[in-house]
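Produce the entire structure from the sequences given, and follow the hints as far as they go.
Protein chains in written order, with our numbering: chain X, 1 to 180; chain U, 1 to 210.
Calculated directly from the structure, the hints in this document are not laboratory data.
Incorrect hints may have been included.
To be verified - Straight line, CA to CA, 25 Å or less: simulated DMTMM-like cross-link-like pairs of lysine to aspartate or glutamate:
| hint | chain 1 | residue 1 | chain 2 | residue 2 |
| --- | --- | --- | --- | --- |
| 1 | U | K190 | X | D16 |
| 2 | X | K67 | U | D61 |
| 3 | U | K179 | X | E26 |
| 4 | X | K5 | X | E21 |
| 5 | X | K67 | U | E97 |
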Amino acid sequence: MNCQKIQQLLLADYPDGEVSERIKHEVEGHLDLCCACRQFERAVQDAAIRPFKQARRIRPPDEVWNKLKEAIASEEQAAGAGFLANIWDVVQSIFSNPKLAFTILIMAIASLAIMVIAMDVHLNNQRVVKNSAHIEQPIRQVKYLSEIIGVSEYPSDDEPSDDKYDSHDGYGTAIEEYFL
Amino acid sequence: MWLNFKLEEQLKEIPKHILLRASLGDAEAFEIIYQLASGFVYSIALRITNNPEDAQDVTQDVFIKIYKNLKNFKFFSSFKTWVYRITVNTALNACREISRQISQRADHDSLASHQGEGDSMMEIAAERADHERLIMDLLAVLNPDQRACIVLREIEGLNYREISEVLNININTVRSRLKRAREALLAYRKSEVMKDELPKDTAVAVSRLP
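What follows is the structure in structure tokens.
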């Protein structure tokens, strides 16, 4: 490496520890032999690197924290007021446009009607389910009577229904057999 | 006012539970974050803007941004890197805004008023400790982008990869900005550092610097 290349490395990479071990040894070997580059390195260190090593971290004055607290409080207040103001602006903009207001009104009425119909259907379904409990009683009575007379349209749970119908050739149902 | 750098270095990462509490709006946790991070935020802002008043404004802006965006912080990167990024970007934007205002003022103000401004800056600088004044003088030689690179490298001790992540630039750009910054500093101080001890060929190399 010539002096120009070495001096480029002395400005960046080498003083920041960003060179490989091989390059580092090469630069150090060159500096041992070259007085000009050695003094260039010293000049770079004195002018551009060493002064910053003395730099200290500085805390901000206390007033910064106080101002910050005030700024955050006012931001939050503005955000809250801004949210309400936005809602009010939207409402105002809707009612300032008659067509838009009419459309929204129609949509609201339609939504309300759909909701009422849906509620009505739901209540009707519930009523039907309740009434179905009363239907079971007469079914049980018919079943009992048919058992007394020895014919059952309603087969009992312990007797498979298929066997009963299969035993009467060509007559179809048990009630048919009874009348014929 | 002054903090021991090594002591501050021990506060590398703020505990996660403090960050989570602050993200949920816990004012006490946010104050802890401010106490731990305000030193390095203000220092970086001060070095990049090179002006205490601007640095205070930048610090305030940075912490408002942290407060607003902490709930979106996902812990994919370190909190410190995130804060570095916010701080450097806010400070660079402040520099751009200040230089825009100065150039606008330059169209209207007389030369005499600028002379007065320079004097007051000199007075402020005169009140500072010697090494602080030297650092401010050196940083004033650089443009804001070079300043950010020098501050992150020399004062914060970040490596090239970390600087490229914070500034969101290529590593080669970091390298070239540092090189240009050091060339500018060497040229600025060549009368002091060269004296009469540099050999002829080194003096020629330095004299070629801008």
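Broken hints, numbered, in rising order? Violated: none.
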